Structures are given as structure tokens and as C-alpha cells.
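Visitor: Protein chains in written order, with the UniProt record's numbering: chain F, 1 to 380; chain P, 1 to 508.
Heads up, some of the hints might be wrong.
Claimed, not checked - Straight-line Cα separation of at most 20 Å, EDC-like style, residue types lysine to aspartate or glutamate; simulated pairs:
{"#": "1", "chain 1": "F", "residue 1": "Lys-372", "chain 2": "P", "residue 2": "Glu-55"}
{"#": "2", "chain 1": "P", "residue 1": "Lys-440", "chain 2": "P", "residue 2": "Asp-406"}
{"#": "3", "chain 1": "F", "residue 1": "Lys-372", "chain 2": "P", "residue 2": "Asp-249"}
{"#": "4", "chain 1": "F", "residue 1": "Lys-201", "chain 2": "F", "residue 2": "Glu-278"}
{"#": "5", "chain 1": "P", "residue 1": "Lys-440", "chain 2": "P", "residue 2": "Glu-476"}
{"#": "6", "chain 1": "F", "residue 1": "Lys-372", "chain 2": "P", "residue 2": "Glu-209"}
{"#": "7", "chain 1": "P", "residue 1": "Lys-74", "chain 2": "P", "residue 2": "Asp-141"}
{"#": "8", "chain 1": "P", "residue 1": "Lys-63", "chain 2": "P", "residue 2": "Glu-133"}
{"#": "9", "chain 1": "F", "residue 1": "Lys-372", "chain 2": "P", "residue 2": "Glu-260"}
{"#": "10", "chain 1": "P", "residue 1": "Lys-63", "chain 2": "P", "residue 2": "Glu-88"}
{"#": "11", "chain 1": "F", "residue 1": "Lys-88", "chain 2": "P", "residue 2": "Asp-113"}
{"#": "12", "chain 1": "P", "residue 1": "Lys-440", "chain 2": "P", "residue 2": "Glu-264"}
{"#": "13", "chain 1": "P", "residue 1": "Lys-458", "chain 2": "P", "residue 2": "Glu-476"}
{"#": "14", "chain 1": "F", "residue 1": "Lys-201", "chain 2": "F", "residue 2": "Asp-276"}
{"#": "15", "chain 1": "P", "residue 1": "Lys-63", "chain 2": "P", "residue 2": "Glu-115"}
{"#": "16", "chain 1": "P", "residue 1": "Lys-474", "chain 2": "P", "residue 2": "Glu-484"}
{"#": "17", "chain 1": "F", "residue 1": "Lys-372", "chain 2": "P", "residue 2": "Glu-255"}
{"#": "18", "chain 1": "P", "residue 1": "Lys-74", "chain 2": "P", "residue 2": "Glu-55"}
{"#": "19", "chain 1": "P", "residue 1": "Lys-74", "chain 2": "P", "residue 2": "Glu-133"}
{"#": "20", "chain 1": "P", "residue 1": "Lys-486", "chain 2": "P", "residue 2": "Glu-476"}
{"#": "21", "chain 1": "F", "residue 1": "Lys-372", "chain 2": "P", "residue 2": "Asp-269"}
Claimed, not checked - Facing chain P, a subset of chain F residues (Cβ under 7 Å, in silico):
{"#": "22", "residue": "Ala-27"}
{"#": "23", "residue": "Val-130"}
{"#": "24", "residue": "Leu-134"}
{"#": "25", "residue": "Gly-135"}
{"#": "26", "residue": "Leu-138"}
{"#": "27", "residue": "Tyr-303"}
{"#": "28", "residue": "Asn-365"}
{"#": "29", "residue": "Leu-373"}
{"#": "30", "residue": "Ile-374"}
For the record, the hints were derived by calculation from the structure and aren't laboratory data. On a predicted model such as this, the values are computed, not experimentally measured, just so you know. Glycine included, each C-beta is placed from N, C-alpha and C at the ideal position.
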Amino acid sequence: MNLNPLPDGDAELAPLAPAATLVAVTASPHAHGGGSVARVMQRVMLALTPATLFGLWLFGWPAINLFVLTIGGCLLAERICQRQMGHKSSLGDGSAVLTGWLLALSLPPWAPGWIAVLGGFIAIVIGKQVFGGLGQNLFNPAMVARVALLVSFPVVMTQWVVPQPLFSTEAPGFIDSLRITLQGPELPDAIASASLLGHTKTELSRGVELTHALAAGPAALFDWAGLRSGSLGETGALLLLVGGLYLLATGVIRWHIPAAVLAGIALPALIAHAADPERYLSAPQHLLSGAAILGAFFIATDYVTSPNTGRGQLIFGFGTGLITWIIRSWGGYPEGMAFAVLLMNAMTPVIDRYCKPRILGRQTNGQALEPKLIDNTGGA
Amino acid sequence: MGIFDKIFRQLGRGEPWGVHPDEHKRPASEAPIRTLPVPPLLYIPFSQHVGAAAEPIVHVGQKVLKGECLAVAKGTISAPVHASTSGEIIAIGPITAPHPSGLEIMAITLRSDMEDRWLPLEAIVDPLAAAPEVLARQVADAGIVGLGGATFPASVKLGLGRRSGIKTLILNGSECEPYLSCDDRLMRERADGVIRGAVLMRHATGAREVRIGIEDNKPEAIVAMRAAAAGVADVSICVVPARYPMGSDRQLIIELTGIEVPAEARAADVGVLVHNVGTAHAIHQAIDLGRPLVSRVMTLNGAALRQPGNYEVLIGTVVDDLIAFSGGMRNTPARLVMGGPMMGQVLPSPLVPVVKGCSGILALSAEEVAQGEPGPCIRCGSCTKACPVGLLPLEMNARIAAGALDGAVGLGLHDCIGCGCCAYVCPSHIPLVQAFNHAKGELAAQARIRQRNEATRKLAQARTERLEREAREKAEAAARRAAERKAQKARDAASAAPEQANSEGAPA
């Protein structure tokens with residue numbers, strides 16, 4: 001141990017004078033956990049990757065074009081807005097990419113390119129930037145865009161195709177895919193299809209009972225492995241579940257919202273299916289269809305637009321799931337996740353107002369606790 | 001009921017509070033405590049504690065011995081300060097305070113004679129047979145304050161505990177702040193002294209038992225303390241999970257007793273008193289050896305230092321001397337901090353003295369500080385999850401940013417303990433706890449202004465009333481005099497009237 005001796009004797013006898021300030025005055029803490037917004041976004045994207053790759057493979061080049069254009073549209077819209085407002089570019093934080101990514105997963109895989117770009121602009125401009133940018137929006141931007149597109153262009157937004165995996169013989173090549181992206185698909189009956197929820201809705205409205213409807217439907221209507229038609233992120237439900245579990249494990253999201261959303265869908269489905277199996281789909285069919293898994297783990301869990309206490313998140317999630325099931329079962333649209341998320345987004349400020357954590361030393365109503373004397377008469 | 005209660009609590013409070021910061025305790029915690037040689041000059045401030053500053057009783061030129069009282073306590077909440085070594089008082093005047101402001105404070109400059117001669121010391125013989133008041137008196141005279149950093153005069157707290165009839169004395173050996181290991185070393189090397197201090201404090205407060213909480217990241221200290229406490233009645237060593245801020249009073253009390261101290265109440269209200277282990281050791285020295293508090297063990301740490309470690313340092317030693325002795329700096333630190341990284345204060349310069357409450361000096365590099373550019377809040381809720389009190393830091397910050405301080409108070413601003421967990425975990429690098437401390441200061445200033453305005457208003461009102469009263473009294477006096485004069489006149493007139501009547505009547 002090398003210890004320096006202290007200077008001796010009359011080194012400096014003047015009282016300590018104020019010295020030049022070493023650093024700018026800063027307050028504690030003088031340490032940081034190292035988390036960042038970009039890292040959170042990266043983790044969510046990583047969690048989405050397996051299901052996305054599966055979806056892109058399943059639906060081929062048109063889906064890849066759609067995916068790229070949606071994200072591109074979001075990035076472009078974000079950049080334009082920030083430039084117009086004189087803000088510093090924050091494309092690097094990944095939030096615009098993630099919005100585009102989620103929107104793309106909720107679109108029909110062969111949707112034309114203009115839907116993708118328009119959707120990206122709606123998501124970023126109307127869904128996010130008009131509210132003041134990141135963290136300020138009341139509604140989930142991707143769902144705002146999806147609903148706006150669905151309401152405005154119902155035909156394009158409900159055109160499903162039979163899976164035609166990349167590199168398979170019937171799949172369109174890259175050049176063909178450009179035609180689809182630019183002009184929209186002209187679907188011959190052979191590849192036009194319906195998602196499970198869409199088909200069910202149509203048949204039920206015609207008075208066909210479920211067992212007949214499902215038996216007579218397109219071949220790959222329901223498939224655990226996901227080889228069926230549906231939106232880009234609908235088919236790989238199990239892979240989305242894996243990604244969702246990764247988010248839970250890394251602490252990016254908490255269990256409350258996903259569990260409550262799935263319960264909100266599954267509980268009424270269980271009851272209704274038991275009561276009338278000819279009229280209502282079963283719980284597994286509900287959970288693996290539409291945007292149930294995507295919505296539960298990736299969309300309803302959006303930090304900005306969901307409550308921030310555990311109890312609030314349970315209410316929010318269950319409401320989202322329940323509304324989804326109600327719209328699916330009785331509403332005019334086959335799928336209701338986007339509507340349900342938006343409705344519950346609107347409820348978030350109210351939920352947050354009434355679901356506050358209990359403060360230490362206080363009751364839930366804010367009154368101080370009664371002092372309770374320690375009882376240690378029994379000794380240590 | 002029980003299970004539902006549990007589930008409900010789980011739903012309500014969610015995951016455990018607090019954060020697990022990088023400890024950075026090694027290698028500083030692995031080297032034995034080294035004693036700093038007596039420096040040539042010591043600067044001993046009058047105010048090193050919560051409460052009124054001590055009043056100097058020495059003059060420039062006076063020769064003092066080590067342990068001699070330099071300034072006496074003033075008022076009920078105060079503590080004396082003592083000469084840390086023998087030598088001559090060469091100045092009494094302002095020096096730079098060990099505080100971010102860099103303002104001046106009054107201090108005594110002591111030139112060491114390098115002999116380090118103690119004053120004859122008076123220990124208490126058989127203190128456990130002495131009255132608790134005698135022990136408290138000795139602790140007060142020794143100038144002992146809370147050495148965990150709170151610096152509340154220890155004797156006042158002992159007296160409070162006795163008056164409130166506390167049942168359990170908790171010694172805080174959790175040392176949850178990263179980088180610091182002075183309590184760890186103290187417990188490893190001087191466990192007997194700490195346990196002896198605990199026994200003395202139990203006697204002084206009348207507590208039934210002592211529980212000593214130590215975080216599970218200090219296995220050596222736990223072993224040493226268990227060995228020292230073996231066979232000592234009613235003193236138990238309790239291992240608590242390493243989690244910041246475990247060393248906060250309320251959190252430690254919950255962990256050790258399961259009791260929640262109500263808001264706006266004191267630990268003594270539930271029969272508990274919490275002291276730091278370093279304070280216990282100092283109390284042992286004061287009572288058994290008669291030594292006043294003239295030195296303390298503190299940690300020197302941070303990546304900018306060549307040799308981090310723990311040092312026994314005389315109170316009043318200049319931080320710069322301490323760093324030079326330890327081997328100096330590797331490079332210029334990004335921040336020089338007194339205390340731990342979570343709640344410590346930035347030092348304006350290394351030319352400030354070590355004071356009683358200084359548990360450590362950190363010379364942190366830029367990487368360690370990891371200061372980021374604040375971004376927008378994405379409402380991720382990390383701060384809510386981390387808050388050990390159950391507050392909503394993001395909502396409070398939004399209120400404060402909008403200038404709605406009352407809104408922040410409504411959300412529990414005054415329950416915030418300033419631990420810094422929220423700012424530590426924030427992915428957007430938002431200075432949350434800083435905003436809360438600012439708001440608390442702002443509210444205190446507003447309250448003072450209100451108080452002053454109220455006082456001014458009352459004075460003005462009193463003056464107006466006095467003036468009115470005086471005017472009224474004057475007017476009344478004048479009226480009285482006028483009435484008297486009138487009456488006098490009337491009387492005069494009356495007495496004159498008959499004559500007049502006579503005189504007038506005559507010609508008629």
C-alpha cells in the first residue's frame with residue numbers, strides 16, 4: 001500500500017478560501033440505472049421479430065413491401081413533423097419504427113402500398129404529433145391509423161389471402177409483388193380467403209350455424225401453427241406469445257395488462273360457447289384469432305396510453321378484452337381489438353385518477369394510518 | 001380474508017419497492033480501515049449537525065488538547081464540537097462549506113502540534129448501573145450526532161426514545177447506498193464496540209431489545225456481528241435483503257418489525273427508535289472511554305481515485321489532504337460527492353473539511369455518473385414501480401413542470417423521502433427527485449413568505465388599531481375636557497347668574 005505522507009508544518013496557513021468551482025452544481029442521484037427509451041423500443045422490436053419473420057415468410061414479397069412502406073411512412077411523417085415544429089430529430093429512439101411495425105402487423109398482408117404510407121402518416125401525424133409528440137398522445141397511434149383505414153377503406157382492409165409462403169411455387173415473385181403493392185391485389189377466388197373471425201361473422205349473419213359454417217369454410221381457417229389467412233401479425237400468434245413472454249421476463253412490460261386482456265376475451269367466450277356453441281366461438285379460437293395476442297402483449301401494453309398502476313392496468317386490460325369479445329360477437333365488425341384499445345385508451349386518465357397506489361404510512365384514501373405500537377413482550 | 005388481503009395488497013403495491021443499483025463496494029470494502037495521520041491544519045465548523053450551531057468558547061492563539069471542547073451546544077437541539085487533535089487555534093472565521101452552494105460557514109482553524117495529546121478523559125464506570133440520564137448527558141457532551149448522515153444530535157434522540165417509552169431499538173447497518181462501505185468495515189473490525197454501544201443505548205432508552213439490520217451483501221460483517229452479539233441478551237442480528245433504500249428509517253422498520261410507521265408520525269410513536277451502527281460505536285467510545293467525537297470512519301471511492309478504501313479521519317481534515325494521502329486522483333473526476341451516489345451532495349471543491357456526517361467522499365468518473373439528456377416521459381411506470389413510498393413520480397413531475405405545486409402536494413409530495421430511485425430508473429433521464437426537492441424548497445419558501453406576510457399584516461393591523469385607539473382616546477379626552485370646560489362654564493355661569501339676575505332684576 002503506497003500511502004503518501006501529508007505535507008508537513010506550515011504548508012498553507014490561510015483559511016480555506018472558496019476555490020474555483022470544480023463542476024456545475026448538480027443534484028443527486030449521481031448514478032443512473034442505464035435504461036433508455038431506445039433500449040425499451042429495441043426490446044419490443046426484438047420480441048416482435050420471430051412472429052414478423054414468420055408472417056413475412058408466409059405472405060411473401062407483397063407483405064415485405066407493405067412492412068417496409070409502413071415503417072418508412074412513419075419515419076417520414078415523424079421527420080416532417082419534427083422539422084416543421086423545429087424539434088430535434090428523435091428518429092433514433094425507435095418509437096416511430098415501432099409504431100409502423102405494429103401498424104404493419106395489423107394490416108392485411110397484401111394491402112396496397114398507399115394504405116401503408118397513408119396509415120403511417122395517420123399514425124404519426126394524427127395519432128401522435130398533434131398531441132405533442134412522444135409521451136403526449138392519448139390514443140395508441142397504430143390503432144388510430146388502423147381504425148381510420150378500416151372505417152375509410154373497408155374493402156381493401158378486409159381482403160385476406162391464402163398463405164403463399166416465400167419461395168413456394170404459387171408465391172408471387174418480387175416483380176409481381178411490386179404490381180400488387182402499387183395497384184392492390186386483384187384476388188382470384190383461388191387465393192382470396194377469409195379470416196376465421198370474418199368468415200364466422202359472415203356466415204352467422206346469413207343464419208348458418210357455427211358447426212356448418214366452420215366445416216364449409218376455407219381450408220386453413222384455424223390452425224394452431226398459424227398457417228392460415230389473417231393479418232400479418234395474426235397468424236403467428238404463438239410466436240407473438242413467445243415474444244410477449246420475453247417482454248415479461250425482461251421487465252419491459254408487467255403481467256397485468258396481457259393477463260387481463262386475455263381473461264377479458266376468454267371468460268365471456270367460455271361462458272357463451274358453453275351456453276350456445278352454435279352461435280359463439282370457443283375461447284381458444286378467440287385467443288388465437290385476430291389481434292388477441294398481438295393486442296394483449298404489444299398494443300394494449302403501450303406505456304403512453306395505458307394506466308400506470310397494477311390495479312389500473314387490470315381494469316384497463318379486462319375492459320379491452322371484454323369490449324373486443326363484445327364487438328367480435330355482436331358488433332358489425334369481425335374484429336374489435338383496435339376499437340377496444342382506443343375506447344379503453346380514452347378511459348385511461350379516469351382509471352389513473354381513481355387507481356393510485358397506497359402511499360406508505362397512509363390508507364388508500366390518503367389519511368395517515370393509526371399508530372400501532374410494536375409488541376415485543378415475547379422478547380427478540 | 002387473509003388470502004384476499006394478501007392478493008389485494010399484491011395487486012395494490014405490486015412488485016417490491018426500491019432499486020438494485022450497481023454496488024461498487026469492492027475493492028474499497030475489502031481493505032482494512034487505515035488511519036489518516038494528523039494533518040497540519042484542521043478546519044472545524046461550528047455547525048455539523050441538525051439544529052442550532054455551537055457557540056465557540058475558545059479564542060485565537062489558545063492552545064488546546066485533543067478532545068477539548070471548542071464550541072458548546074446552544075439550545076436543546078444542538079451539539080458541541082471538539083478539538084480533533086492538540087494544537088493552537090489560529091483562526092476563527094468563514095471557510096467554504098462542504099455543501100453544493102459553496103457558501104461560507106464559520107469554523108475554527110486548528111494548527112496541529114503533531115503531538116496528538118489527549119485531554120484527560122473521564123469514562124463512566126459501570127454505565128449499566130448509572131441512570132439513563134447520565135449516559136445521555138455523556139453522549140451529549142461528546143458531541144455525538146447521527147453518523148449515518150442525518151446528523152441529528154444522538155442524545156436528543158435517546159431522550160426522546162426514553163420519554164416515548166420505546167420498546168425496540170433498531171441499529172441500521174444496512175448501508176444501502178452504493179460505493180459506501182464504512183459501516184461494513186466498522187462492523188467487521190469493531191463489532192464488539194458496536195454491540196457494546198447497542199447495549200449502552202438500550203440502557204439509555206429503556207428499550208427491551210435491539211435489532212441490528214444488515215444487508216445480505218455483507219456476509220463478513222454479519223458473521224463478525226453475530227459472533228460479537230453471541231451471549232448478549234436481547235441483541236439480535238437481522239439479515240435484510242440488499243435493496244436501496246433499505247437504510248431509510250421507515251423501510252428498515254417494516255423489514256425488521258413488520259410495522260408501518262404512519263405518515264406524519266415518528267418511529268417513536270410505534271415504539272421504535274433507529275440509530276446508525278457508527279453512532280453506536282461512537283457512543284461506546286464516549287461512555288466507556290470518555291472520548292468525544294473527534295474522528296470517524298469514512299469511505300473514499302470512485303473510479304477517479306487511485307486507491308479507494310476506508311479511512312479513520314479526524315473531523316476537520318481537508319478532503320484534498322485525504323485524497324492526497326490515499327494516493328491521489330487518477331484523473332479529474334466528473335463529480336466530487338460527499339455521501340453516497342444516490343443522496344450525496346456535490347462538493348464545490350476538494351478544499352472543504354470532513355464533517356461528522358460525512359460517510360464518504362466519491363470522486364466519480366463521467367461513465368459512473370452516466371448523466372443523460374432528459375427526454376419526454378413515456379409513462380413507462382418504472383418510477384412508480386421503484387418508489388419505496390408508493391408515489392406516482394411521473395404524475396408529480398408533470399404537475400410541478402406545469403407549476404401546479406399544490407397538485408403535486410395532493411399526490412403526496414410531502415411523503416417523498418428524496419431517495420432518488422425514480423430518477424435512477426427513468427429511461428428518459430428525467431430529473432424527477434431533483435424536481436421534487438426543488439418543489440419542496442419552493443413550497444417552504446412560499447410558506448415562509450406567507451408567514452412573513454401574515455406577520456406583517458398582523459403588525460400593520462395592530463398599528464392601525466393602536467392609532468385608531470389613540471385617536472379615539474385623544475378625541476374622548478378632548479371631548480371630556482371640553483365637556484368639563486363646558487360644565488365649568490355652566491357652573492361659573494350658574495354661580496354668576498343670581499347676581500346677574502339680581503342686577504338685572506333691580507332696574508325691572
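Visitor: Mind listing which of the numbered hints don't hold for this structure, in increasing order?
Guide: 1, 5, 8, 11, 13, 23, 26 and 28
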